[in-house]
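A.B. asks: Chain by chain, the residues run as shown.
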Amino acid sequence: MKFRSLALAASIAAIGLTSTVATTSAHAQAKEQFFPVIVYRTGAYAANGGPWANGYVDYLKLVNAKGGINGVKLSFEECETGYATDRGVECYERLKGKGATVFQPLSTGITFALTEKAPVDKIPLITAGYGRSESQNGAVFSWNFPLLGTYWVGADVAIQHIGKLAGGLDKLNGKKIALVYHDSPYGKEPIPALQERAKMHGFELQLLPVAHPGVEQKATWLQIRQSKPDNVLLWGWGVMNSTALKEAQATGYPREKMIGIWWAGAEPDVKDVGAGAKGYSALTLQHGAEPGSKVAKDVLELVHAKGQGTGPKEEVGSVLYMRGLISAMLGVEGVRKAQERYGKGKVMTGEQTRWGLENLNLEQKTLDGMGFAGVMRPVQTSCLDHMGSSWVRVHTWDGAKWGFSSDWYQSDEKVLRPMVMLASGKYAEEKKITPRTPEQCKQ
Amino acid sequence: MIYRENGQFKTSYTADQQIFTIAQDKIFVLAVIAFAFIGIPFLVDEYLFRAILIPFLILALAALGVNLLVGYCGQITLGAGAFMAIGAYAAYNFFIRIDGMPLIVALLLGGLSSAGMGILFGIPSLRVRGLYLAVATLAAQFFCDWAFLRIQWFTNNSSSGSVSVSNLNVMGWSIESPVEKYLFCLTFLVVFALIAKNLTRAIIGRQWMAIRDMDVAAEVIGIRPMYAKLSAFAVSSFFVGVAGGLWGFVHLGSWEPAAFSVDRSFQLLFMVIIGGLGSILGSFFGAAFIVILPIFLNQFLPALGSFFGIAISTAAVSHAELIIFGSLIVFFLIVEPHGLARLWSIAKEKLRLWPFPH
Amino acid sequence: MGFFIETLIGGLMAGMLYSLVALGFVLIFKASGVFNFAQGAMVLFAALAMARFSSWANAALGGDSLFLANLIAFVGAGMVMFIVAWVIERLVLRNLVNQEGATLLMATLGITYVLEGVGQTLFGSEIYNIDVGMPKDPVIMFESLFEGGILINKEDFIAALIAAILVGVLTLFFQKTPIGRALRAVADDHQAALSIGIPLNRIWVIVWCVAGVVALVAGIIWGSKLGVQFSLATVAMRALPVVILGGLTSVPGAIVGGLIIGVGEKLSEVYLGPYVGGGIEIWFAYMLALVFLLFRPQGLFGEKIIDRV
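Chains as they are written, first to last, in the numbering used here: chain A, 1 to 443; chain B, 1 to 358; chain C, 1 to 309.
Think of the hints as simulated: they come from the structure by calculation, not from any bench.
Here the structure is a predicted model, which is why all the values come from computation and not from measurement.
The beta-carbon is built from N, C-alpha and C at its ideal position, and this holds for glycine as well.
One thing to keep in mind: the hints can contain errors.
[Unchecked claim] Where chain B lies over chain C, by a calculated footprint (3+ residues, C-beta under 8 Å):
| id | stretch |
| --- | --- |
| 1 | 85 to 98 |
| 2 | 187 to 201 |
[Unchecked claim] Restricting the straight-line Cα-Cα distance to at most 25 Å, the calculated cross-link-like pairs of lysine to any residue (SDA-like) are:
| id | chain 1 | residue 1 | chain 2 | residue 2 |
| --- | --- | --- | --- | --- |
| 3 | A | Lys-426 | B | Leu-131 |
| 4 | A | Lys-297 | A | Gly-276 |
| 5 | A | Lys-431 | B | Glu-180 |
[Stated by the list, open to error] Selected chain A positions facing chain B (in silico; Cβ < 10 Å):
| id | residue |
| --- | --- |
| 6 | Thr-115 |
| 7 | Gly-167 |
| 8 | Ser-184 |
Given the sequences, and given the hints that come with them, work out the whole structure.
C.D. replies: Next up, the structure:
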């Protein structure tokens, strides 16, 4: 009986508290540029989501330490999704009411869901290195910004790299390339681009899906052992990557012939495989592990030294940390650009930030000045190109650290542009969107 | 004092067999529905609509369906997420492939497809029982996860396997704003809850309960287990399928199979068991508990922390959320194994005698 | 032919590992009638404890003796699992005696959440390493017989061997020791066991402890194979078809079931998968179990369910 009344009391108290929390979260708005931070620090992908989130938040802190964007300080709030789409949508709804500048969900699933919502709420969506590949076409996807590169870029460059190693793209004829991919929209995104290239160069593409979360790959690697592909492309996320490398070791597939996407080329993917992953290469989204870069040193000096660091000190400069940091930088620069037009020292709305992102022009000089010398190449966006750059390098794991092993590549616009236009056209037709004309773009 | 049924005499069988035999109950429920339709749209902000109320309504509908199968017919299922997926993808295909397909018809057709698959996957229940059946229903779950990822036709050949719908409207009424979405889902829920309540009071519901209580005995007194079990699977899957359609169309707008993963199935079973097996009201309580509690904890814990001047990291909050959520589930199961609905009826019993219990 | 044998061996070894997890389910179900969904979380929890203790002990010992560090970690993790078992018995099971199967199942799901939360709070949520010196590189045998030889994964082979030994030890424990007899008595009939003076609560603690140790061994093997991280808990999902195929109450069932499922899913994925786009092994395992259940509703070795009105 006692228990029951206790339970009743508890539930009533809970209902009461819900309403108070709901009301308190409504205000808390000031003259600060608010950056919502959607993260996953728990769950199956925590090991990868954590460093990204730390880099993202550390950069925002760094901007504040340097005096904000033309004097406008940044505020931010984290929201945990656990990589689940419905929690991501909840986070989006929760944070958008606080004057959100730009959302960066770091999940292809959440990106797809938010693509439908962002235009209604007029909040831009940066998906640096992930998301819908066709959203590069800003005329249709006004609010999506797959900055720095899409999966199609990744797929395209991976084939270029394999071709270069083989001594020319024409040498790919008759070869066999296997794609080991995460069985989700994320993993399936590169397939059309790879099929296009397969048609062009006459290589055979073998598709090997791995079910979420990717801890069971024995059958996959048995198939690889049977079919002996010339190269394996690894399109995994989280534990799937390290498992793939371990299985490759266990079945004796040479790691030198494996190439991962930039989400399969960070420290958590290879660290506990150690020497077993030696020789494994992965694409990079411009940057690799950059502990020596100036911006990383700035973070250590201006944020960590003051005891305000988000994660452990050793993590600063690691691959996913840098990815988060650069993602934050792109958002911040979008705001800075927007301020040039809509008034310096003012808080920008989502709509104004969108203009800033669409007219982003980060020259090498600017980037070097911000501490990204040697880390990044220029980014310039436009209405038709929301990606801004497609520079990619390849880095290789030597058993202890990542090191660059190739020159810069760029995706072949001749191959990808028609695909982007076709896919985005199909989307526009489905959604009854009229693509913006060049005149509308200028507004 | 207020909740007294003295003087309410039933003079006919019809009066005795009404859904709410006590006048106060009837007034209360009607008042709640009226408030939900008229009051809430004026009181609530967008966040509550989109993040809490709409998911709550849709998952309550799904929980209702699961409760018909688990609570009324006694067949434990861990595959409810699969039937949500079938409902959503079938509705999607009807919606985009047939020109001018009305939204409601598409959703109902999605439900019907789900019902058909429900019968198919219900067949093993004729032979396999209890926990064995529960695990076997996971076959449906994993099969559907796979099928919607792999078979391109279902997703209209979208390269990523993710589908989306937009421009929803019912006879010219466009469902875009959160209030409209809320009202749309609420209408569905009210109609389906009424159907469910009446089903469970009718002969078919009595057959289900007989099967649940002891299927051999039920068979002996002339109930056909095949008909009863498969009809329970069909009706339950229909409800769950419609809920799946709403989840995809109205709540997410764009979805992939992961939206209906095995976690969703567990979540639905949780709702039913925490809420109360074999209780329509319980499905609502359970859905409210499971939808609101994690979100509440996620926002309340940092607020609590800052009240005491401690900044709790996001990771710690989510871990604490898991721990408290799990503990509360165990706590409620221990305190009231028959679910929150039972607590409610105890409260009502008390209220009857209040303020003079003796 | 060589490749077929290779797949077969791969399946058998994978199956042996599934059996190890399935064994935990069976032990607990036999003794307390609880279908313990938390088994996966227990594997994760044990592996996390093992990995962290090992690295801490190694640091404390100055990195000299990995073996000693692992030994200390094993004992430590074993004690952690004992505490977990005791707490579960005390706080959960004791209060839920005589409840329906579904309620107990949900309670274990609640325990899953708690364990996942506590585990990540105490031990962190990064990927950790368990290094018990398992060989990672493959060996190739019978090269003269088949083209390309037959590849055998040494690590899997050792793991399967350990699993087999553990099963043997457990069987002996159940058959020959007084505690084992008491356990079997409880499994047969709670009340009868209680009336002849077997302390039910203590037996439950022991069973959960044994399941905890099984989870620890499974956690070490899987953890050393895959790295210790959150997804380790999902191995429970792979072991479920094994449990129902073999029968919820049968230890040999868990072994045979594991082997059937392991072989079935690898063969299906390799030979059937390419025709339908791949990725079929997980649902194939469940379908396979379902087909067996249609013929034997209580699993291969489960006790026959007799209905009386």
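A.B. asks: Hint by hint, note whether the structure agrees.
C.D. replies: For each hint, the structure was consulted:
For a cut-off of 8 Å, the count of residues in the stretch 85 to 98 of chain C with a CB near a CB of chain B stands at 4, and the three-residue condition holds. Restraint check on the stretch 187 to 201 of chain C versus chain B: 0 residues with Cβ-Cβ distances below 8 Å, three needed, restraint violated. The suggested pairing of A/Lys-426 with B/Leu-131 is violated, with an alpha-carbon distance near 46 Å, which exceeds 25 Å. In summary, the hint linking A/Lys-297 to A/Gly-276 is not supported, as the alpha carbons are separated by about 31 Å, beyond the 25 Å threshold.
Between A/Lys-431 and B/Glu-180 the alpha-carbon distance is near 20 Å, which keeps this suggested pair within the 25 Å criterion. Among the interface hints, the one on A/Thr-115 holds; its C-beta lies about 6 Å from the nearest C-beta in chain B, closer than the 10 Å criterion. Annotation: A/Gly-167 was flagged as interfacial toward chain B, and the flag is violated, the nearest CB pair being 31 Å apart, outside 10 Å. At a threshold of 10 Å, the smallest CB-CB gap from A/Ser-184 to chain B is about 6 Å, leaving the interface hint in force.
Going through the hint list in order, the structure does not satisfy hints 2, 3, 4, 7.
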